[in-house]
Amino acid sequence: MNASSDHDFDLGDNERDRADDAWLNSLLEESLTNSAPPDLTRSILSRLQDPPEVTLSPARAESRPALPTQTVPRRERTSAVVTLAIAASTLLAIGLATRAAFNAGVQERETAASDPNHVEMTNTAAQRSDRRPPMTEPAEDGADNPSGSKPSGRVGPSQPIDLTPRAPTLALSPELGESERSMADSSDDARPMPTAPREIRLVGQAVDKSLQRYWQRLDIQPTQKLGAGEITEDIQRRFGWTIKAEDTSDPASVQASLGGQANHRAMIRFVLASLTGRQPRSFENDRDLQIIESVATAARNKGGLEQWLRDQFMVTAADKPDGTDWTTLVRPLDPHQRVVRTASLMLSQDLRCVRCHDELSSGQATSDERIEQAEYWSVAASIAPITSGRSVLEQPLFYDLPDGRRKSAVALQLPGWTDLQGFSQTGRHALARGLVESLWNSVHRRPLHRSAYEPMATPHDATLDRIGDELSNDLVQSGFDVTRTLAAILTGEAFGRAVPQVLDPANRFIAGDSELLNGAIVVDSMAGGLPPYQRQSASRLIAQIRQSLPGQHLSLPASNAVLAQAMPNASGSPLPSRRRGDDGQLDKLGTVVMPSRSTSQMPAWLTRLPSFESRAQHMAHLSGRLAIPPAVSKIAEGMRAAGLDEDVIWQRLSWML
Amino acid sequence: MSQVTKEGTTTPHERSPAELIDRHQSGIWRYLRMLGCDASTADDLTQETFLRVLRRKTFVQHSDSATSEYLRRTAYNLLVTNHRKLGRVHLSDSPATLDQSWQRWAGKDLTGDAATEALRDCMERLTERARTALKLRFVDNTPRPLIGEALGISDHGARNLMQRAKAQLRECVHEKLNLTQSVS
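If you read the protein sequences in the order shown, they are chains E and F.
So for the first sequence, our numbering puts the first residue at 219; every next one is plus one.
So for the second sequence, our numbering puts the first residue at 36; every next one is plus one.
It cannot be assumed that every hint is accurate.
[Claimed, not checked] Simulated crosslink set (EDC-like; lysine to aspartate or glutamate; CA at most 20 Å straight-line): (1) F/Lys170 - E/Glu247; (2) E/Lys462 - E/Glu451; (3) F/Lys92 - F/Glu159; (4) F/Lys201 - E/Asp235; (5) F/Lys92 - F/Asp144; (6) F/Lys201 - F/Asp175; (7) E/Lys443 - E/Asp722; (8) F/Lys170 - E/Asp239; (9) F/Lys201 - F/Glu163; (10) E/Lys520 - E/Asp504; (11) F/Lys170 - F/Glu159; (12) F/Lys201 - E/Asp239; (13) F/Lys211 - E/Asp239; (14) E/Lys852 - E/Glu864; (15) F/Lys170 - F/Glu184; (16) F/Lys211 - F/Glu104; (17) F/Lys201 - F/Asp190; (18) F/Lys201 - E/Glu247.
Everything labelled a hint here was simulated from the structure, so no lab data went into it.
In isolation and in its complexed conformation, chain E is listed as follows (with noise of 0.2 Å):
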């Protein structure tokens, strides 16, 4: 062995050593877990003969809580003056080819719409891509250049895109470069939108088909759908609508109930509610009710939603003193979570971790992806009129930087705003898109975007990202009626599964650790329901441990069981309660609810925090608040005293935030 030789193999801490350590590593858990590469061939050979679902790459999932070049106020950006001017330039130069490149993809289009099937074609703006260098870097588009370094001017490969008559979304293809992406949102305004939406029918299967393929992908085996009876009593229960057990597999008839008198103003004040991030049972305020009252009027018209919501999001302090109705739903919750969810509405951005983080701490994150702290609060700041109803000019915002200084948030106009206001097919999407995902998560209880910084064990998929264009494009079409938006979801593929029988009450003691993590991921991926939320009594859990594990000798310490099973009595917890507005009290009940064991991998950025302290702050900030609620607060302490394994109690926080 020669020297450089030896130097590359002596142990250090310098990075070299580090990536020679991380191979060492995994060819060593190879080795001793006997875990070779899989043969892939047949899987992806098969993969590459169906034609590409991706008309947003998983790029555009994982940036899209950014979306820079859209909606946030960069560093490099915060001229907004400059930003304008560079763009209208570049608009000017290559706006004929690109009107070009689009009068021929409409034509394409027009052509395919005569043909009812599925039709795809390739991507005009990406057909100019082939024209780059063979080999270059594969760092040139979303996927492939997650350091942005060099976006501009580079389009991405070669991809098919879905031809289904809806809202181009070509604008928001991760796969353009920035100017090409500038280019074509302004292209967007112009382009004729159709002039009705598809059937229902149509959109839903469009959704299931996307599901399943999600599924496939993931080799997941769905449960079996709960019959109509069963669907209606949980859509009842859950929801306080009345559905008919026979209109339950019916988008049409689900809509049309929906729309009915005996439904609209329940379905309304639940559409609030997933959009606030309070419960439905919380508006119980005069003003409140009235707020209910008119948008329940207003969405009986076509576009009348999206007025509404357009109406709170225009308003300057100037306008209206006193804010908005938005403002006034939005009052309730602390002001992190009124800006988290304000911004996550109306701009489509997911602001919870930049409060304080100017890079997000996978350390992965990218110049063009990455919202720094002082943007946050220049949106905070430009978004106090809604959220407070008052502006930075009245009421200062200051925060605090890493160094100890404080600073001024400074109000910027932001680009996600202009769009809004501009009635920009840009702006419209955005919106529908927020309403979508709001939706989505408040029917299913698990989001359709999926964060990798949330403990979540199954992966985003382009799939899923297809599923929101579906819908989201629907909404668009449709002037906003949100009611086909929930007939969609409530008459699809994910709803209505019966629970994991793993995950079942009674077998969750016997099952193995494999069984249970197997439970966890096809609840996780939407294709089976959630076990449901039960209360139990400490000495029947104890009974039912006992009774799960027969002929073992079990030493159960009474206080460690409850406590480990405890359940937050806190008001507004997501949890029934016994002894409700108890705050602060520790119900001594076990619910089945909660995890027994970790079903997920905790992130690694939460294992990497100082303390139990931080870690519990940080998964509050990951529910959208500022601060964990003290009852939940006393749980998460008190299974900590109690032994329980980390990964539980965050899972079990998670659950109760």
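Chain F: place on chain E using the hints.
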């Protein structure tokens, strides 16, 4: 069928998709594992990597080593984009550093098979205690203090034992790889 040198540096003819996958999938899978992916994530991203590249009409196969590098960059970017949980393996920020490491460990045959084989042989040279410690660590995910307890040594003792074992393995694997290369 194209002819490939042992070093995988030249391919006179383009490989078919099936041949290409067969040639490189093990290497890409191991590369992703080295980046910290668990086996399932490595499976998924390996598939995505090949789909991306094979669907790219501009993709040209100059040589196996160039293709391998191209695939690795795509895999790396997909991993970064997906922001998946990285597990316990420390990920270097620099793809260039990772590539250098790749060349040292798997660059000889582009798959990592030789390194894995060499490692299996080298494991036999370790003491029983060292092998036990590594098995507890990598198979059972046993925390270090418990490994120490199982072996009757302290936490630091367990750490030193595993560090020495790994250093020994590095050196042994490297010797074997160099020997293989010089023979071929």
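Q: Could you grab the alpha-carbon distance between F/Lys92 and F/Glu159 and see if it respects the 20 Å cut-off?
A: violated, 47 Å
(Q) For a C-alpha distance cap of 20 Å, please report whether E/Lys852 and E/Glu864 respect it. (A) Roughly 15 Å separates the two Cα atoms, so the pair holds.
(Q) Can you confirm whether the C-alpha distance between F/Lys92 and F/Asp144 stays at or below 20 Å? (A) violated, 27 Å
Q) Given the proposed pairing of E/Lys520 with E/Asp504, does the C-alpha separation stay at or below 20 Å? A) Violated, at about 26 Å.
(Q) Next pair to validate is F/Lys170 with F/Glu184; report whether the Cα-Cα distance is within 20 Å. (A) At roughly 14 Å apart (the allowed maximum being 20 Å), F/Glu184 and F/Lys170 satisfy the hint.
Q. Is F/Lys201 close enough to E/Glu247, meaning Cα to Cα at most 20 Å?
A. holds, 12 Å
(Q) Hinted pair, alpha-carbon criterion (20 Å max): F/Lys211, E/Asp239. Please report holds or violated. (A) Distance of about 17 Å is within 20 Å: holds.
Q. Quick one, are F/Lys211 and F/Glu104 close enough, alpha carbons at most 20 Å?
A. violated, 24 Å
Q: Quickly compare the C-alpha distance for F/Lys201 and E/Asp235 to 20 Å and report which way the hint goes.
A: Given that 20 Å is the threshold and the Cα spacing comes to 12 Å, the pair holds.
Q. Between E/Lys443 and E/Asp722, does the CA-CA distance stay at or below 20 Å?
A. holds, 15 Å
Q. Can the restraint linking F/Lys201 and E/Asp239 be considered satisfied, given a maximum Cα separation of 20 Å?
A. With Cα atoms ~8 Å apart, F/Lys201 and E/Asp239 stay inside 20 Å; holds.
Q | 20 Å limit on alpha-carbon distance, applied to hinted pair F/Lys201 and F/Asp190 | A | holds, 17 Å
Taken one by one, the earlier hints fail for this structure at numbers 3, 5, 10 and 16, listed in ascending order.
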